[in-house]
Amino acid sequence: MTHFRFTESAIDTQSARRELQTSSAGGYVSFEGWVRDLNEGQEVTRLEYEAFQELAVKEGDRIVAEAMRRFPVKHALCIHRVGSLSVGEMAVWVGVSSAHRGEAFDACRFIIDEVKHRVPIWKKEHYRSGDSGWVNCERCAAAPQHEHAHAEHHHDRVALPNSK
Amino acid sequence: MSEFLPPVYALILAGGLSRRMNRDKAGLKYQGKTQLDRAFELASRHVRNVFVSVRADQALDPARAQRPMIVDSAAGEGPIAGIRSALAAHPKVAWLVLACDLPYLSDAALDFLLRRRDATALATAYTSAHDGLPEPLCAVWEPAAAAALADYQAGGGQCPRKFLIRHGARLLEPQDTRALDNVNTPEEYRQAVATLDSVAPMQLKIQYYALMREQAGRSEEMLETSASTPAGLYEELVARYGFTLSRDQLKVAVNSEFSDWSRKLNVGDAVVFIPPVAGG
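Residue numbers (my numbering), protein chains in the order written: chain G, 1 to 164; chain F, 1 to 280.
The hints are simulated quantities; they were obtained by calculation from the structure and are not laboratory data. Heads up, a few of these hints could be off.
[What the hints assert, rightly or not] Only pairs whose alpha carbons sit at most 20 Å apart, straight line, appear in this in silico DMTMM-like list of lysine to aspartate or glutamate:
id, chain 1, residue 1, chain 2, residue 2
1, G, LYS58, F, GLU257
2, G, LYS58, G, GLU114
3, F, LYS251, G, GLU114
4, F, LYS205, G, ASP12
5, G, LYS58, F, ASP269
6, F, LYS29, F, GLU77
7, G, LYS124, F, GLU214
8, F, LYS251, F, GLU236
9, F, LYS251, G, GLU89
10, G, LYS116, G, GLU32
11, F, LYS251, G, ASP61
12, F, LYS205, F, ASP269
13, G, LYS124, G, GLU89
14, F, LYS251, G, ASP131
15, F, LYS162, F, GLU188
16, G, LYS116, F, GLU257
17, G, LYS116, F, ASP248
18, F, LYS251, G, ASP113
19, G, LYS58, F, ASP260
20, F, LYS251, G, GLU138
21, G, LYS124, G, ASP61
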């Protein structure tokens, strides 16, 4: 089973969540990344996601496998959108099930952080002003050390685990 | 620390008249290019400022005059005069000194030498695969070598190899034992031509994503290249498409797996340059 995949349509979190269910899991944590309307002072109208899918799936799968080795969780899965997304749409979903909540939170955080830094996915922001730009590629062309220092692009929402 | 490292320029030595070859070695051709042009282009893929070392009487030679030159100013003859003249012309610069008659010298071999350069030594040089002695004409000479070379010549020395042996250069064993073979006789020249012709430029598949896709104006292409590593290939593509991202901002993948910049490319490899990622 692969633990990382892309989709060109809206992420179906209900069916993704079902893939994590198991009788030994006492809880489930998920993260959703949403397209936000503002980045670095510019009004964002739309994001375009593009991925080098062949390698991205391998690297994403390695990240989830790494999370499952580090933290004693039951199942973990990450789904990423590609294509054109409008403000409010979900760009990425991470879900983790485990016996206890602590490791599920840790693994979920680990996966989203690593995915953002390691998986070959790019996004182009389209602004209200009519401008557009590839995030981390254009404004930073002269300052490579700031490669990963950009602001997050979504509101973060973490679902609470079942009480057990 | 690295910000104090002297920058590296390259000096192509093409001054020598070849007695055994019975003709001007700089004009010998491989794959349709003179070895002076090949050496110059090879060095230019690794170092921004490249000069050809010439004797005063060669400064008007049309084969040489179209390139930036350093005309021998230092006393003496042969390579030591060329090296000293370059060090004198740009005293704060280290010099990648290359003989032009090394037809097998590759991007990978130069990349390896430059990466392992030790600026605290007077020079960083490859050792010969045949006798283990330093190769002064495929080496990085540091600015501090200038004074030591002057003393050495004042004491009657003329041989840069003996100089490196005496002064303890930082030595590197070549990865490819043939990389430093030079060509001195018509027979060696015939062999080198045949060998290099059998390694025809290869076809690679390049895929472009995101900013680089837009700058290249395409998402993939089949490309004939003589670059042997992703590093060399990227230099070629920067020249062609004017990519704005520098190599240290990128990662590279070969056949859908992350790769080293100095990996040797093979026919049919699929190469992807990976700009700074922004998932999530």
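Here's how the hints hold up against the structure:
no. : hint                  : result
1   : G:LYS58 <-> F:GLU257  : holds, 8 Å
2   : G:LYS58 <-> G:GLU114  : holds, 13 Å
3   : F:LYS251 <-> G:GLU114 : holds, 16 Å
4   : F:LYS205 <-> G:ASP12  : violated, 35 Å
5   : G:LYS58 <-> F:ASP269  : holds, 18 Å
6   : F:LYS29 <-> F:GLU77   : violated, 25 Å
7   : G:LYS124 <-> F:GLU214 : holds, 11 Å
8   : F:LYS251 <-> F:GLU236 : holds, 16 Å
9   : F:LYS251 <-> G:GLU89  : violated, 29 Å
10  : G:LYS116 <-> G:GLU32  : holds, 13 Å
11  : F:LYS251 <-> G:ASP61  : holds, 19 Å
12  : F:LYS205 <-> F:ASP269 : holds, 6 Å
13  : G:LYS124 <-> G:GLU89  : holds, 15 Å
14  : F:LYS251 <-> G:ASP131 : violated, 27 Å
15  : F:LYS162 <-> F:GLU188 : violated, 25 Å
16  : G:LYS116 <-> F:GLU257 : holds, 18 Å
17  : G:LYS116 <-> F:ASP248 : holds, 19 Å
18  : F:LYS251 <-> G:ASP113 : holds, 19 Å
19  : G:LYS58 <-> F:ASP260  : holds, 17 Å
20  : F:LYS251 <-> G:GLU138 : holds, 16 Å
21  : G:LYS124 <-> G:ASP61  : violated, 24 Å
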